[in-house]
Amino acid sequence: MINKPNNMMFRVFIRLIAVVVVTFSIYLFFSGHNAPGGGFIGGLMTAIAILVMYLVFGVSTIKESLPFNYTYMMSIGLLLAAFTGIISWIAGYPYLKQFFDYFQLPLFGEVELTTALIFDLGVYLLVVGAAMTFILTIVEDDS
Amino acid sequence: MTLLHIAVLAPFLFALLVPFLFKYLRKIHTGWFVMIVPLVLFIYFVSYLPTTSDGHTVMKRFEWVPSLGINFDLYVDGLSLLFALLITGIGTLVILYSIYYLAGKKERLNHFYVYILLFMGAMLGVVLSDNIIVLYVFWEVTSISSALLISYWYTKDASVYGAQKSMYVTVFGGLTMLGGFSLLYVMAETFSIREMIAGSDIIMNHELFLPAMILVLVGAFTKSAQFPFHIWLPDAMEAPTPVSAYLHSATMVKAGIYLVARMTPVFGGGAEWFWIITSFGIFTMLWGGISALRQKDLKAILAFSTISQLGMIMSLLGAGSAAFYYMDGDNALYTTAILAAVFHLINHATFKGSLFMVAGIIDHETGTRDIRKLGGLMTIMPISATLSVIGLAAMAGLPPFNGFLSKELFFTGIMNVVQYDMWNGDTIGFILPVIAWIASIFTFTYSAIIFFRTFRGKFKPDMLPVKKVHEAPIGMLISPIILVLAVLVISIFPNMLAYTVIEPAMMSILPGILSEGSSFYVDIYHWHGINLELTMTIGVVIIGTILYMTMDKWSKLGIYQKEQDIITTVYDYGYDALIKGSQLITRAQMTGMLRDYLVYMLIFIVGLMTYTMFRFEGFHFSMENASDIDLFMYVILATLSVTIILLPKVNNRMTAIILAGFVGFLVAFIFTVFRAPDLALTQLMVETVSVILFMAVFYHLPNLTKDNIAPLTKSINIVVAGMSGLMVTFVSISAFTYGQMTPFEAISQYFIENSKSLGGGYNMVNVILVDFRGLDTMLELLVLGIAALGVISLIKLRVGESDDV
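Those protein sequences? They're chains C and X, same order as listed. For the first sequence, position 36 matches number 36 in UniProt numbering, and the numbering has no gaps at all. For the second sequence, position 712 matches number 712 in UniProt numbering, and the numbering has no gaps at all.
Mixed in with the good hints there might be a few duds.
Each computed SDA-like pair below joins lysine to any residue, with the alpha-carbon atoms no more than 25 Å apart [said to hold, decoys possible]:
| no. | chain 1 | residue 1 | chain 2 | residue 2 |
| --- | --- | --- | --- | --- |
| 1 | C | K97 | X | M695 |
| 2 | C | K97 | X | K756 |
| 3 | X | K373 | X | E471 |
| 4 | C | K97 | X | F62 |
| 5 | C | K97 | X | S748 |
| 6 | X | K796 | C | M73 |
| 7 | C | K97 | X | D678 |
| 8 | X | K296 | X | G375 |
| 9 | C | K63 | X | M695 |
| 10 | C | K63 | X | I768 |
| 11 | C | K63 | C | M73 |
| 12 | X | K756 | C | F103 |
Hint data in this document are derived by calculation from the structure and do not stem from the laboratory.
Start from the sequences and build out the full structure, keeping to the hints where you can.
Shown next, in the form of structure tokens:
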């Protein structure tokens, strides 16, 4: 990635677009259980938003403003996904059995909460982490 | 989960604590905590003694994979209890010894004790498991922990070489054994050893009997260092001495013996089992004895001596299997060999354990184990010298020590073969006692060498690395003293063990051949009158002494100068050839061109698919009931095809990227048309990410050049690509047709119906991903993570030009 890109139009618009894309990706992640979306798609979209910012503002700027360790993010995602499975194991069910129920929450009304959502969060984190790792490692390679 | 299961798992659980104990309680040697485990377990297993000596057994079940018949079943009988007592008893003493042996400040005790505990638990698992699959798992864990312990001082090349060698040999044996176990399962349709014993008639008459037997025996022979697999044991002596005393003389190398003993009721009773085990055992005994004479390192002599003694026990087990042919347990003619095997197993653990510990003391105090540098230590280390004398006398088979008792029984057992009137026992059987006698002479001679070269002769202080040589601290001496006391007690009161330990173990090796209500005749005594056995022992002493006296003459011979085993040379050549060969194959296929790798994969996939489809007559073509295709689909497909055909012709990279992206987006469009929004979304995302990746690295990519591909390669590529396309098309059409022909219920119906009620979501795709097939997703995540790590290691840890793969 070019280290000091300078494109006025891009810089202005991307600030707006990135917010929209990230918001939409979070929407996709949550709506996944009942509508198109889910952790994989949401994760990819978040990664796209971050990558576009890298493209426009340069590697060093974004590294400072978004100081994530993507390798850790991957491992956290994987552990989270594996961990939700163990819960059902302890409860005496097969590994990775998911549970769901409906709850009345203030402001939101009736909401369905599932353990699958935590699993999906693991998917989300791993996908973001992996996509970012793939591209950043290739991009940052100097030799 | 019963107390017995917890006992087997206790070492593993305690191993989790060891790093913390090591880190936070630095003042106290970690060994003191670890020693509690085998000590408690030993006391626990002793409590089983009354049960087994009454002829009862204990069976505890814990279901692991019941659907496959794999259960964590533990079975305590005379044989397994004997081993469990050895493992925990010797284990306690070895850990006590190691506390003083590894007293240095810089020793990585946390590693050492974790490996030791790992081994202890695995070994208990091996001897107590009734299920052969569980047994196999524990068996491999002992191999791994053994290799880890050998390479404990991993900065030494010899340690790493020894660890690698032991790993290769024993894991090779382990895998072979797994093959044998699989065949056993095919024959007996059970993984339980006890059920196999009950069904041994079926196994004996099955055509797979011989292959299964040989495969299992390879596993046992590699573990118990039988010729020609013995080569790993001398190199394993690079391990710290407590490890050598524990794993490589008293317990792990006896796992093979255990397996043979355990499998005797399954396989025994035929000529193959008898002759294979007896001849390999007796030859190993001879080979180990001859090799031990050539060694100059104290521990190497002991290692070859262990090989020799293991061969002796093995041959006895072979000879004793004849009892199953005669089915006459009351006749001592057939059972003496088994009695000798069990008795010598116990004796060997006591005297060889103490000898190893003394060798470690000498190494520790003088800094060398080379018998050419040692000498005259008798007055400097009197306690160690005394311990050695007793241990060596027992090993050489001198009266009145326990080694003498078991060696007499050994001679009896092996000479009884001559009286067998089948399997050529009466014709060529005489060769066994002859070899046994010659090997015993060597045993006597190297025992003499160890003693006289170490403790007698001239003290050579200038050749020793340590200047002030003195006796070892008392803590280090406790364990060998206890073992030598055990030698003495067994020597004086051998019958103390007779009906508590030995007879129950014989009952497990030879079940069901006793007449009702009787028991095996176990009476061990010193004086049998002047018989052939005693004469043989006297002969051994006389000729062994002559051999030792003339040592200066024969040790000049060229063959005795070489220390290396000839089989080791073969192994080294084989190892080099293996490395070279695999490098050759790797270089031939790893061209560094992605295109080549794709071709390999596609050829394989297409080949396999074609074969399968023709083999099972899977091709069916019929377009009945297919829905109509709209005009715009034709347009989309035509555009797609044209783009793909054009793509290879493009010479500009930018255009190529745009075209490739176009293909991707068209595919996403097709997904949308077929109402698969999740797929379409994913496809769009992936396309976008790839475009960003291209944009990021575009600057660095070289210009596209016209590839100079040979026409032959080009046509191969075209053919492979065409074949893959055709194969996918044919398989899809066949799947459709087949679905129409037979009233198959599509699996999708289940998901459509249950997505909401079982998974709580309306998006079927997502519910399948996170719920119904959650494990698949989980493993895909793992793959993705591994791929990311792969990218990191490929790019950040790139190998230089000169480095080889």
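Each hint tested on the structure:
1. For the given pair, C/K97 sits about 42 Å from X/M695 by alpha-carbon distance, which is inconsistent with the 25 Å threshold.
2. Restraint check for C/K97 and X/K756: the C-alpha separation of about 15 Å stays at or below 25 Å, so the hint holds.
3. Using a Cα cut-off of 25 Å, the hinted pair X/K373 and X/E471 holds, with the two alpha carbons roughly 18 Å apart.
4. For the hint pairing C/K97 with X/F62, the CA-to-CA distance comes to about 23 Å; that is within 25 Å, so the pair holds.
5. Simply put, C/K97 and X/S748 have alpha-carbon atoms about 20 Å apart, close enough for the 25 Å limit, and the pair holds.
6. Annotation: proposed proximity of X/K796 to C/M73 holds, straight-line Cα distance about 19 Å (limit 25 Å).
7. Proposed proximity of C/K97 and X/D678 is supported: the alpha carbons are some 23 Å apart, at most 25 Å.
8. A distance of roughly 13 Å separates the Cα atoms of X/K296 and X/G375; the hinted pair therefore holds under the 25 Å criterion.
9. Only pairs whose Cα atoms come within 25 Å are accepted, and C/K63 paired with X/M695 is accepted, the gap being roughly 19 Å.
10. With a CA separation close to 36 Å, the supplied pair C/K63 and X/I768 exceeds the 25 Å bound.
11. For the proposed pair C/K63 and C/M73, the alpha carbon gap of about 15 Å is at most 25 Å, so the pair holds.
12. Proximity of X/K756 to C/F103 is assessed by CA-CA distance (about 17 Å); at most 25 Å being required, the pair is judged to hold.
The structure shown violates the earlier hints numbered 1 and 10.
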